[in-house]
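Hey, can you piece these two chains together into the complex? The hints should help.
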Amino acid sequence: MGRERVERIVVSFASTFDAMEAERLCQEAQVPGRIIPLPVEIDSECGLAWAMPPEDGVLASFNAAVEGHLVPEGIHRIML
Amino acid sequence: MIYLNNAATTIQKPPAVADAVVAAMSGAGSCSRGASPDDLAAARSVAGARVKLARLIGFRHPERVIFAHNATVALNTAIFGLLRPGDHVITTDFEHNSVLRPLHELERRGIIELDYVPADRAGRLCMEALEGLFQPNTRAVVATHASNLTGAITDAATIARAAHAHGARFILDASQTLGALPVDMAALGADIICFTGHKALMGPQGTGGLAVAPDLELTPLVHGGTGVKSADPFQPSSYPEHLEAGTMNAHGLAGLDAALEFLLALGIDRVEAHERALRERFVEGVAAIPSITVYGVDDGHDHTGVVALNMAGIDSSSLADRLACEFDIATRAGLHCAPRMHAALGTLETGAVRFSFGWYTDAADVDVAIAALTRIADELAGGSGAYGA
Numbered sequence: 236m237g238r239e240r241v242e243r244i245v246v247s248f249a250s251t252f253d254a255m256e257a258e259r260l261c262q263e264a265q266v267p268g269r270i271i272p273l274p275v276e277i278d279s280e281c282g283l284a285w286a287m288p289p290e291d292g293v294l295a296s297f298n299a300a301v302e303g304h305l306v307p308e309g310i311h312r313i314m315l
Numbered sequence: 055m056i057y058l059n060n061a062a063t064t065i066q067k068p069p070a071v072a073d074a075v076v077a078a079m080s081g082a083g084s085c086s087r088g089a090s091p092d093d094l095a096a097a098r099s100v101a102g103a104r105v106k107l108a109r110l111i112g113f114r115h116p117e118r119v120i121f122a123h124n125a126t127v128a129l130n131t132a133i134f135g136l137l138r139p140g141d142h143v144i145t146t147d148f149e150h151n152s153v154l155r156p157l158h159e160l161e162r163r164g165i166i167e168l169d170y171v172p173a174d175r176a177g178r179l180c181m182e183a184l185e186g187l188f189q190p191n192t193r194a195v196v197a198t199h200a201s202n203l204t205g206a207i208t209d210a211a212t213i214a215r216a217a218h219a220h221g222a223r224f225i226l227d228a229s230q231t232l233g234a235l236p237v238d239m240a241a242l243g244a245d246i247i248c249f250t251g252h253k254a255l256m257g258p259q260g261t262g263g264l265a266v267a268p269d270l271e272l273t274p275l276v277h278g279g280t281g282v283k284s285a286d287p288f289q290p291s292s293y294p295e296h297l298e299a300g301t302m303n304a305h306g307l308a309g310l311d312a313a314l315e316f317l318l319a320l321g322i323d324r325v326e327a328h329e330r331a332l333r334e335r336f337v338e339g340v341a342a343i344p345s346i347t348v349y350g351v352d353d354g355h356d357h358t359g360v361v362a363l364n365m366a367g368i369d370s371s372s373l374a375d376r377l378a379c380e381f382d383i384a385t386r387a388g389l390h391c392a393p394r395m396h397a398a399l400g401t402l403e404t405g406a407v408r409f410s411f412g413w414y415t416d417a418a419d420v421d422v423a424i425a426a427l428t429r430i431a432d433e434l435a436g437g438s439g440a441y442g443a
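From first to last, the protein sequence lines are chains A and B. Take any residue in the first sequence, count from 1 to its spot, add 235: that is its number in this note's numbering. Take any residue in the second sequence, count from 1 to its spot, add 54: that is its number in this note's numbering.
If you're looking for bench data, these hints aren't it; they were derived computationally from the structure. Beta carbons: idealized from backbone N, C-alpha and C, even for Gly. Honestly, I wouldn't trust all of these hints.
Said to hold, decoys possible - Derived coverage of chain A by chain B (criterion: at least 3 residues anywhere in the stretch with Cβ under 8 Å from a Cβ of chain B; other residues may be distant):
1) 244-254
2) 260-273
3) 281-295
Just chain B, same shape as in the assembly (with noise of 0.2 Å):
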């Protein structure tokens, strides 16, 4: 299987990964119920990851990077954590359901009110709209890194900098980018950052989890055991503590602190530079198919290793099973969680094909692609061969 999914998921990790994580499970205790020695080993492996992960963006308190289950446990507690009656919060049209839940059920309850920053036909996150929708109650902006549909990069820094200028907060969802491109929390201006464990940083599954600035409290999601001040009847308020309860995914850490170390030693530039390169080769392939529309082209952004197009004549998901099928070729069709991007694109009612490429991807597979959705578009066109296939 040529695995294109990896905005969903990277299947291929850094050996050491599962190495780590077969470890743990037959010698890590519970992080921070115990001090024998096999539950200090894993204490030692949640520290750690904690520590690698402040130095991969830059953030000087290892303490507040919180671990959750995934990115959509951590934004549940950053907004619910942040978010009070009354306040008026600005998200984008780039959104992942895992943004946009949350803030709709705090919408529908009465607690917030809600403004979009509007996408383009062409992709384009329209960022001249966004200093016209603060109100002198907006307490947050919560945006993506990156749009997990074309890849588009959004400008962070430049929204931090409006938040920041009208007093609000600013939540950087990074599930997409964390692992792919570089990422400082300082330099963008992020007062969270949010992110999964499981995609571009190569980890297990059932990681992730976001760092938050010194000089913001937020109310925890989920209260319950901690390990520590247990006679206090509420959530203890030092950090990691206050966000995190109940055991941690210790086995699932020691593998994200593994993939973690892999990543440092390796430089996310080598990371970023290697994606580019495969996006630009297949954006270029798939340009010679007349029948395929690429989506976020000439949408004026830079891109992560993401690209979703749609083949005229095949609807997405019959495209995407064929490809699956007939050429072993892992993609994602659908709607990809992400409706407000869809319907700016146009595409709400038939969906794209999704194809996004990783750290173990490489130039062959991406040709292999090519040549399948050729060989696609060929036998769609009449098997004349118009395509070259």
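Here chain A stands alone, though its shape is the one from the complex (with noise of 0.2 Å):
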């Protein structure tokens, strides 16, 4: 029996040293999430992505967080 997909926002990077900021800044501002290997439904290609919980506000917690820091590659909406 396999994990119960469930629906994550998922942030994609031009660069591992931009996820690990993701990673710092959101920690620091508290916006829930965790990195993930990048997802194949966003690509196939390797590197890290940014998973958080779909919840209202959290998306926008995490475009403030970044926001001048570093720009996201991609936002996809998909289950994990």
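Here it is as structure tokens:
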């Protein structure tokens, strides 16, 4: 029996450094989420992504946390 | 051992550096090659080092802090990545072979033309010659922030202004200064700063890198795996991966991260003042030994904690050997990978003995070195005690 898939907001980045910076900034701003391998639904290439719960306000909190520090490559809503 | 070879490497580091390396060797996975807790620990450490390094040089683009194995690889990345066929380059007589040899290689291949800002017999960089060296195709000026032989600090901001006025880029080799002097990338006008992690930054060997201005693109020197954009047949255009291929030295960079944390808390101003005081104490002490010639004392430059000298009656390698074997003092003899500077000083045939101080050198170490030189000089003078031995 596999893990039940749930919807997540997943942010992809141009570089690993941006992913790690996003993690640091989100932790400082208490934005919920964690680093995950870049899902194949976004791209089959390697890399890291930031996954967040899809609740109201989380994406806005994320954007506020990273603004002026980095520009995400993409923001997706996918089932993980 | 009293280690006065800090211009080559610092042997004493903040204790947190070794602790961080040991912890990383058992707890850090592969940076950017996986999302497990261990792999992310490595990625966080490397990212932390980038952020701290950027903060140290007042640079707002930590993603453009590129890590390399040492300053030599960083300088090769900058030089080979920037220069194109037909370019003209200006460098100086102060340079280390890590600048000179890549430029000589490009010159030998017929790719660039090369000119030098000369140094004079006193060890002064003849800045008045700089303006006349520019050509319409001058692409870059490559200069050290301080001579690794005499410690003379160059006027990097003036060199940068001249380069920019002629549409050229300025590559600063901060191998001798980052961690020892305040280095502000914008204030100095550097388009690229190359650095090493194991000298005044007091990190592990095998660490170094370069900071690349956001309006500057370099062709990668090394091509390979990056952990991102794996389907792309070429290096990704995003930084830092554009200039970083292959597994990162996460163990070493964990140590550099700890060293940077130590220095940022300490304040580079304190390091600069400490090393300047040691140099002045040493120069004043050896001035009482008439058989010693110190190079660069009257060159008009400010100096890092580096002093080069020779003693009449003994060659430089023998003097360094006696200091090591009889007095347990580490120095460095020879040409210090700076052949043009030695040529300018007239020491290409003799070499010199370099004493270089660091944060963990203290005044007692300097006094022991002065006493040792006094003893050797007295012996060579016939044991008269004339020099106070």
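Tested hints:
no.	hint	result
1	244-254	holds (count 6)
2	260-273	holds (count 3)
3	281-295	holds (count 3)
Violated hints for the displayed structure: none, as all numbered hints are satisfied.
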